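> Listed below are the residues making up each chain.
Protein chains: 2
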Amino acid sequence: MIESERQKNDAVGHLSRRACWAGGQSLATMLMAKSLAQPELVSLAAAFIDGETLPVEPTRSALDVIWSNPQKAKAALQYGTTIGYLPLRRILLERMLQSDGQTSRQTGLSVDQVIITAGSNSALHLLGDTILNPGDIVLCGAPTYFVLLGTLANLGARAVGVDMDEEGMVPESVEQCLDYFEQNSELDRVKAIYVTSYFDNPTGVTLSADRRRRLVEIAKRRSKQTKIRIIEDTAYRELRYWGDDIPSMRSFDKEGDTVAIAGSFSKSFSPGIRVGWIVLPRDLVGPVLTQKGNIDFGSPNFSQHLMCSVLEEGLFDKHLETIRAQYAKKLDAMVEAVEESLDPIGGVRWIRPDGGLYLWLSVPGHLDASHGGRLFDRAVEEGVLYVPGDHCYPAEYRNIPKNTLRLSFGVPPCEEIRCGIAALGRALKQVH
Amino acid sequence: MIESERQKNDAVGHLSRRACWAGGQSLATMLMAKSLAQPELVSLAAAFIDGETLPVEPTRSALDVIWSNPQKAKAALQYGTTIGYLPLRRILLERMLQSDGQTSRQTGLSVDQVIITAGSNSALHLLGDTILNPGDIVLCGAPTYFVLLGTLANLGARAVGVDMDEEGMVPESVEQCLDYFEQNSELDRVKAIYVTSYFDNPTGVTLSADRRRRLVEIAKRRSKQTKIRIIEDTAYRELRYWGDDIPSMRSFDKEGDTVAIAGSFSKSFSPGIRVGWIVLPRDLVGPVLTQKGNIDFGSPNFSQHLMCSVLEEGLFDKHLETIRAQYAKKLDAMVEAVEESLDPIGGVRWIRPDGGLYLWLSVPGHLDASHGGRLFDRAVEEGVLYVPGDHCYPAEYRNIPKNTLRLSFGVPPCEEIRCGIAALGRALKQVH
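These protein sequence lines map, in sequence, to chains A and B. Start counting the first sequence at 269; every next residue gets the next number (my numbering). Start counting the second sequence at 269; every next residue gets the next number (my numbering).
A hint or two may mislead.
It does not matter which identical chain is used: a pair holds within one copy or between any two.
Unchecked claim - Quick list of in silico lysine to any residue cross-link-like pairs, SDA-like style, CA-CA up to 25 Å:
1) 342 <-> 332
2) 340 <-> 579
3) 342 <-> 329
4) 342 <-> 325
5) 302 <-> 346
6) 342 <-> 588
Treat the hints as calculated values from the structure; they're not laboratory data. The structure displayed is predicted, hence computed values, not measured ones.
Based on the sequences and whatever the hints tell you, model everything.
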């Protein structure tokens, strides 16, 4: 938001500045209105997970285990602590270290650095609220997770875009940004670099191992008066359908003072139970917990006991196998349909992801895929809804393209995915 | 916090101003450390509810109802909306109107004004974050709910104390405060008056019907450039053991533009499930929802479906009967013990509540009941822990007394309550 707008909004006396900075949820509202008005639309827009894959049986089993012991049930119904349920935090730390091929002795990480939140969004807000003042800068991919852009706007922070390619965030672009801010004496306002390191929303891209190391090195080297943190969002890490998992950015943070890593069971198990977490550099733990005490006074304890039981009983890993197989089929269906219906049109470019829920696509530069543009309107007429890619760009980016689309394959069945892509193909041909 | 301290803290470069303003949770930490060091201590400090009364069977029944229908179970495991689960919001609105002897036609209230949160604390934070800028003023009882004081400090707001007596907040004291701010040209910084209208934490007092009407009238009459809202916290409304329920402050807000009323199932059912709500004046709904979208992206849906099932199946009202009977016995036990062990000492004053979880007590003015004072140390030696009352006073109050105590009867069984009060009696005699 530019300064004059900010001042104008500040004049609205009944609301806080923060409330004025927050932009509202126009994209979600618009997409929902379209769906309601035309229920037969295939939505390749919603970032929901597939209702068919929701873990009804595993959750019942986990609840049975808790309810088989009245003391356990009471513990789940009582207040928890602000930091969260210790056995769950232990499991999360162990699992993360195991995935990264590390031990807690190597890293010096302790369970005191693991904080449970109600979904990873609240972890991101909480960390932002703890380190960002109005006017502070967060470097984000261009494009990036658009919900985070709302959160940053709400905090009065500046979201500045850096280039992305098929290997994820481009280190050279980060360096250029930092050079620019250094020349403008604003380097001490750069507080964080936000990266979705696995199967990014919206690009579907996984940050390459080499870039993980380099980005962590850059954050450390360029930290002067103010520490530049990396906020690593791993919400989609478990949704890998092909290839091997790779170590997190955090695993390259030898001193443990740079990377805060957030995760969530919302995509990998259930968004309704809504358990997320964040593992923090040691110096941020106290301040974040104080904020958390004041903001939510602790996340729901029942949800935490439930997820802990799911993990302890081996129900999570079993469920993951099921959903990986199902999403892999859907991703295949989408890729095949794109190859069949869109590739022949010419000028269509896209990246095949190995996991996650999204496929990112660009159409020839002269086409307008944004809301209100010809392609979007035609696509809706043909029966398909997508997220216009321009919504995913930070406000501060030199050139926000209007020819990009985010397609989600999470919710619709394979047959609908094919229909949706075919409809998009027809729309594209009409505006080409 | 005074201005020089604020500036000093702002110099801590890695943290946001908010994080610096938040004072930390020293009271809870101190009390917990005492309990851990001396496990046989009777805690009349903890504001937990009684573990024995936690609704293990009602929750199981409500879960069974959900799990008997896979579509219901899936709906509970999927994402919810930011505003919360519609059937639950409908029930909450109906119940509130019924308790207040009103209809939605009379009030013009609609279900769109009911927002579900994860506990009422997050509702209070959310509203504060939406209407308060740093330096804005909230009038609170002196004493008041001390967790709210942390939340207000975190938001950079000023908590200003107004007098309390056995009928609750004193309207004349509110008027005096407003006069003072008007004379200092700060009236437009007064954004809210916070009142726990039933069985207040910490005083146990219920605001009298006449004062409800008068406080609402004052807020409306004194609103000039900025609207002065009343934030009515009804977390303990259901915990009435004697006498009849009285209408909320909201029921006196004919225009529906002044009172925001928050409630919670944390005390009346289960703090672990953690469902709270807030009913807002119409103009605040949009801004609060935008904030909520950015802060937590919606409260846990599973918890909401669970509480809705508890209500729909009539399990809540049945459970209330049980816990009311149990807490009534405990309150009786505490009152009898106070009459027996403390009243004879002389100079001890207290208010008998009709509900809630707290009894507020003052000892002769020359005695120091604060942390580090002689009474507190002696009490711990004798085997009882209480909340020093001075922690419950807003920073801006002309004269914070050190001779007050908050005693909770929620957690310990009757026998322990008697032992605890007897121990307090011995300690008092020693320092008298």
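> Cα distance capped at 25 Å. Does residue 342 pair with residue 325 within a copy, between copies, both, or neither?
Both, since 22 Å and 10 Å are each at most 25 Å.
> For residue 342 and residue 329, with the copy left unspecified, which applies at a CA distance of at most 25 Å: within, between, both, or neither?
Classified as both: same-chain Cα gap 18 Å, cross-chain 15 Å, threshold 25 Å.
> How would you classify residue 342 and residue 588 at a CA-CA limit of 25 Å: within, between, both, or neither?
Answer is between: at 17 Å across copies they meet the 25 Å cutoff, but 29 Å inside does not.
> Should residue 340 paired with residue 579 be assigned to within, between, both, or neither, using CA atoms and 25 Å as the limit?
Cα proximity of residue 340 and residue 579: in one copy and across copies (15 Å, 23 Å).
> Measure nothing new, just compare the shortest in-copy and cross-copy C-alpha distances for residue 342 and residue 332 to 25 Å and report within, between, both or neither.
Both: 14 Å inside a copy, 17 Å across copies.
> Within, between, both or neither: how does the pair residue 302, residue 346 come out at a Cα-Cα threshold of 25 Å?
between (42 Å within a copy, 21 Å between copies)
Violated hints for the displayed structure: none, as all numbered hints are satisfied.
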